[in-house]
Amino acid sequence: MRDLELTGKTEPLRRETELRQVMVHLRRNRAAMAGLVVLAIFLFCAVFAPLLTPYDPTGTDLSRALEKPSGEHLLGTDELGRDVFARILYGSRISLAIGLISVAIGMLIGVPLGAISGYYGGKFDLFMQRIIDILIAFPGILLAIVIVAILGTGVGNVMIAVGIASIPIYTRLVRGSVLSVKEEGYVAAAKALGLGDLRIIVRHIMPNCMGPIIVQSTFQIATAILWAAGLGFLGLGAQPPDPEWGAMLSKGRHYIRVAHHLTTYPGLAILLLVLGFNLLGDGLRDALDPKSRNSR
Amino acid sequence: MEYLLQVRDLKTNFYTDSAVVHAVDGVSFDVRPGEVVGLVGESGCGKSVVSLSIMRLIQYPPGKIEGGNVLFKGRDLLKLSEGEMRRIRGNEIAMIFQEPMTSLNPVYRIGDQIGEAIRLHQGVDGPASWKKAVEMLKLVGIPRSEEVVRDYPHQLSGGMRQRAMIAMALSCYPSLLIADEPTTALDVTIQAQILELMRDLRQKINMAIIFITHDLGVIAEMADHVVVMYAGKVVEDAGVGVLFTEPLHPYTVGLIKSKPKVEDEKGVLDFIPGVVPNPLEMPAGCYFNPRCAHAMDICLQEMPPVVEVKPGHRVRCRLFNKDKGEAR
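Just so you know, the sequences run in chain order D and H.
Just so we're aligned: the first sequence equals residues 611 to 906 in my numbering.
Just so we're aligned: the second sequence equals residues 79 to 406 in my numbering.
No wet-lab data here; the hints were simulated from the structure.
Honestly, I wouldn't trust all of these hints.
Partial list, derived from the structure: chain H residues whose beta carbon lies under 10 Å from chain D [stated by the list, open to error]:
#1 HIS100
#2 LEU130
#3 MET133
#4 ILE174
#5 PHE175
#6 PRO178
#7 GLN191
#8 LEU198
#9 GLY201
#10 MET243
Computed cross-link-like contacts, SDA-like style, restricted to lysine to any residue with a CA-CA straight-line distance of at most 25 Å [stated by the list, open to error]:
#11 H/LYS142 to H/SER106
#12 H/LYS142 to D/GLY806
#13 D/LYS733 to H/ASN91
#14 D/LYS733 to H/GLN137
#15 H/LYS142 to H/SER159
#16 D/LYS733 to H/GLY146
#17 H/LYS157 to D/LEU808
#18 H/LYS142 to D/GLY731
#19 H/LYS89 to H/LYS142
#20 H/LYS157 to D/ARG809
#21 H/LYS157 to D/ASP807
#22 H/LYS142 to D/SER790
#23 H/LYS142 to D/ASP807
#24 H/LYS335 to H/LEU294
#25 H/LYS142 to D/LEU789
#26 H/LYS337 to H/HIS391
#27 H/LYS157 to D/TYR730
#28 H/LYS89 to D/ALA707
#29 D/LYS733 to H/PRO140
#30 D/LYS733 to D/ILE810
#31 H/LYS335 to H/ASN284
#32 D/LYS678 to D/GLY691
#33 D/LYS733 to H/TYR93
#34 H/LYS209 to D/ILE810
#35 H/LYS142 to D/PHE737
#36 D/LYS733 to H/THR94
#37 H/LYS209 to H/PRO184
#38 D/LYS733 to H/LEU135
Cβ atoms here follow ideal geometry from the backbone N, Cα and C, with glycine treated the same way.
Please work from the sequences and hints to get the whole structure.
Rendered as structure tokens:
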């Protein structure tokens with residue numbers, strides 16, 4: 611047995627994990643880091659909103675309506691005298707919640723459907739993919755509007771609607787990844803060890819499909835926030851007096867000639883948050899893809 | 079129990095839109111407990127399909143096992159439910175594959191992967207399976223096994239990975255190991271180490287091995303009994319000594335002659351003329367007749383039957399069938 615052993619003691623290998631490599635490449639990417647900083651600021655604002663402003667986002671003061679930005683009201687007041695800065699701070703809670711929860715809903719349903727579809731193939735796959743074809747034929751925002759029209763307005767229903775509208779994207783994405791991963795040697799080896807299908811999918815296939823799912827989710831949160839703001843603008847999302855950015859734009863546009871700060875700042879907030887997620891998504895995509903990582 | 083595994087008239091087909099490929103066409107052979115049976119043949123002769131059929135891992139579609147029996151410890155594996163079959167896979171029959179580079183999941187530590195089969199089949203918990211994994215790594219001769227068990231596959235070399243694969247396959251002490259070209263992807267020195275390891279382990283845990291390869295040198299070193307396949311059929315099977323000293327089937331003779339020999343000064347290797355027939359256009363009669371120097375008229379018309387020339391030495395060739403036709 612002794613003579614079978616490989617060369618005694620070797621240099622301990624540098625334990626460079628995949629995660630660490632991804633982090634290194636992400637940190638080198640300035641745009642992605644800028645995105646991350648923007649997101650961190652928004653997250654901070656959302657969590658600590660009550661500490662950052664003395665004003666109640668829904669408290670009206672008609673005597674001070676439509677005031678220009680000043681030391682007292684950093685971004686001015688709206689038509690009912692509510693502090694725009696406070697409303698944007700509290701609005702980031704709604705937008706982030708919608709983005710995260712709706713994407714979670716889409717993943718929770720879309721990922722298993724895609725995994726089953728890709729792993730088993732056959733008639734179920736054929737049937738599933740035709741349904742997905744139909745759903746994908748609708749623009750996502752249109753699909754979300756239809757679903758809100760069925761469910762009724764409100765933040766909760768917007769989350770559900772946007773979540774459902776993002777299911778087909780996840781199903782397609784995961785199905786594609788599973789199709790390629792299930793041909794890997796370790797899946798065959800897992801089968802030869804007597805593992806069941808569920809265990810193979812959950813333990814051996816899904817972890818190897820996480821890269822594209824993470825990247826897509828980052829972009830999808832941005833899209834969801836945009837859709838939710840769109841629904842809010844159309845009056846289908848959060849209802850007054852909730853400080854939802856889309857709804858703020860919608861109300862503010864009537865006063866755009868006299869008080870542009872009612873639309874400019876909520877608009878900028880939407881832009882920055884969506885941009886932050888997109889920059890981070892771009893960076894993650896590059897960092898998680900070994901090909902683009904090496905070409906740098 | 080005389081035989082551990084008896085494969086009888088196994089037939090596996092692959093279906094394409096326009097045709098049926100008989101990848102395994104009536105294969106029969108036996109494996110005794112603790113015996114190493116070599117399965118040899120050219121690429122595409124169906125050796126891997128035989129092994130996947132025994133494990134019932136043929137993917138349908140396009141493949142399907144259409145007939146025969148696979149008796150393992152007296153039970154026909156082809157008649158078991160999928161659940162019963164899963165309890166056999168990895169537990170009583172294990173398999174190692176050709177590609178050690180891709181056969182380990184990159185996202186898990188070696189110990190997690192070796193432990194998986196142990197947890198599944200022996201119902202032990204995480205820490206116990208982890209300890210067992212270290213033990214198995216030691217058994218297959220991996221130094222620093224307490225550290226390696228925490229490594230990820232990409233941190234190991236090819237030879238180490240194949241050892242880890244073997245450790246994984248052996249973790250439940252199977253009575254049969256199917257090794258599908260386990261050394262083809264490794265370089266020669268590592269290959270020799272792995273072969274030595276498998277011989278050693280076979281003694282230690284008394285397990286039978288079905289060793290699939292196209293390398294006759296490896297077969298000569300490893301096997302007790304050899305089964306030669308050609309185009310989905312067994313053309314000859316014999317003990318390893320007999321097969322190399324008195325090969326009968328013209329195909330086996332050709333295979334053995336085409337191996338380079340150190341003492342040979344001729345400079346040109348012998349070879350078998352022609353190519354393996356296209357599985358969609360098999361010749362009539364004996365599948366080997368277009369390449370056979372001894373083909374007779376009857377060979378062009380009928381598939382020859384299997385003749386037992388001596389006890390334990392069977393050949394599928396008319397040359398040795400005394401009743402019909404004479405050798406030219």
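Hint check:
For H/HIS100, the interface hint is violated, the least distance from its beta-carbon to any beta-carbon of chain D being 23 Å, above 10 Å. At about 9 Å, the closest approach between the beta carbon of H/LEU130 and any beta carbon in chain D falls short of 10 Å, and the interface hint on this residue holds. Checking H/MET133 against chain D: minimum C-beta separation of about 6 Å stays under 10 Å; hint holds. About 8 Å separates the beta-carbon of H/ILE174 from the nearest beta-carbon of chain D, less than 10 Å, and the hint is met.
Interface hint status for H/PHE175: upheld, as the beta-carbon distance to the closest one in chain D is roughly 6 Å, under 10 Å. Of the supplied interface hints, the one on H/PRO178 holds, with its beta-carbon coming within about 8 Å of a beta-carbon of chain D, less than 10 Å. Residue-level restraint check for H/GLN191 holds (minimum Cβ-Cβ distance to chain D is 8 Å; threshold 10 Å). With its C-beta approaching chain D no nearer than about 6 Å, H/LEU198 sits inside the 10 Å limit, and its interface hint holds.
Among the interface hints, the one on H/GLY201 is violated; its C-beta lies about 13 Å from the nearest C-beta in chain D, farther than the 10 Å criterion. Look at H/MET243: its Cβ gets to within about 7 Å of chain D, closer than 10 Å, so that hint holds up. Between the alpha carbons of H/LYS142 and H/SER106 the distance comes to roughly 17 Å, so the proposed pair stays at or under 25 Å and holds. Note on H/LYS142 and D/GLY806: the hinted pairing holds, with a Cα-Cα distance of about 20 Å set against a maximum of 25 Å.
Taken as a hint, the D/LYS733 and H/ASN91 pair is honoured in the structure, with Cα atoms around 21 Å apart against an allowance of 25 Å. Pair hint D/LYS733 plus H/GLN137 holds up; C-alpha atoms about 15 Å apart against a cutoff of 25 Å. Between H/LYS142 and H/SER159 the alpha-carbon distance is near 16 Å, which keeps this suggested pair within the 25 Å criterion. For a cut-off of 25 Å, the pair hint linking D/LYS733 to H/GLY146 is broken: about 29 Å separates their Cα positions.
Between H/LYS157 and D/LEU808 the alpha-carbon distance is near 23 Å, which keeps this suggested pair within the 25 Å criterion. Distance restraint check for H/LYS142 and D/GLY731: the Cα-Cα separation of roughly 16 Å lies within the 25 Å cut-off, and the hinted pair is therefore satisfied. Between H/LYS89 and H/LYS142, the direct Cα distance comes to roughly 9 Å. Compliance with the 25 Å bound is thereby established for this hinted pair. The suggested pairing of H/LYS157 with D/ARG809 holds, with an alpha-carbon distance near 24 Å, which does not exceed 25 Å.
For the given pair, H/LYS157 sits about 20 Å from D/ASP807 by alpha-carbon distance, which is consistent with the 25 Å threshold. For the given pair, H/LYS142 sits about 22 Å from D/SER790 by alpha-carbon distance, which is consistent with the 25 Å threshold. For the suggested pair H/LYS142 and D/ASP807, the alpha carbons sit about 19 Å apart, so the restraint of at most 25 Å is met. Under the criterion of a C-alpha separation no larger than 25 Å, the hint pairing H/LYS335 with H/LEU294 is consistent with the structure, at around 11 Å.
Restraint check for H/LYS142 and D/LEU789: the C-alpha separation of about 21 Å stays at or below 25 Å, so the hint holds. Of the pairs offered as hints, the one joining H/LYS337 and H/HIS391 holds, with about 22 Å between alpha carbons and a cut-off of 25 Å not exceeded. A hinted pair counts as satisfied when its Cα atoms are at most 25 Å apart, and H/LYS157 with D/TYR730 qualifies at roughly 22 Å. Taking the CA atoms of H/LYS89 and D/ALA707, the gap is near 58 Å; set against the 25 Å cutoff, the hint is violated.
Among the hinted pairs, D/LYS733 with H/PRO140 is consistent with the structure: their alpha-carbon atoms are about 14 Å apart, no more than 25 Å. For the hint pairing D/LYS733 with D/ILE810, the CA-to-CA distance comes to about 21 Å; that is within 25 Å, so the pair holds. A C-alpha spacing of about 33 Å is found between H/LYS335 and H/ASN284, which places the hinted pair above 25 Å, so the restraint is violated. Our distance criterion of 25 Å between C-alpha atoms is met by D/LYS678 and D/GLY691, whose separation comes to about 11 Å.
Pair hint D/LYS733 plus H/TYR93 holds up; C-alpha atoms about 17 Å apart against a cutoff of 25 Å. With a C-alpha separation of about 23 Å, the suggested pair H/LYS209 and D/ILE810 falls inside the 25 Å cut-off, and the hint holds. Distance hint between H/LYS142 and D/PHE737 is fulfilled; the C-alpha atoms sit about 24 Å from each other, no more than 25 Å. For the suggested pair D/LYS733 and H/THR94, the alpha carbons sit about 17 Å apart, so the restraint of at most 25 Å is met.
The straight-line distance between the Cα atoms of H/LYS209 and H/PRO184 is roughly 21 Å, inside the 25 Å bound, and the hint therefore holds. This hinted pair checks out: D/LYS733 and H/LEU135 have alpha carbons roughly 20 Å apart, not beyond 25 Å.
Hint violations for this structure: numbers 1, 9, 16, 28, 31, all remaining hints satisfied.
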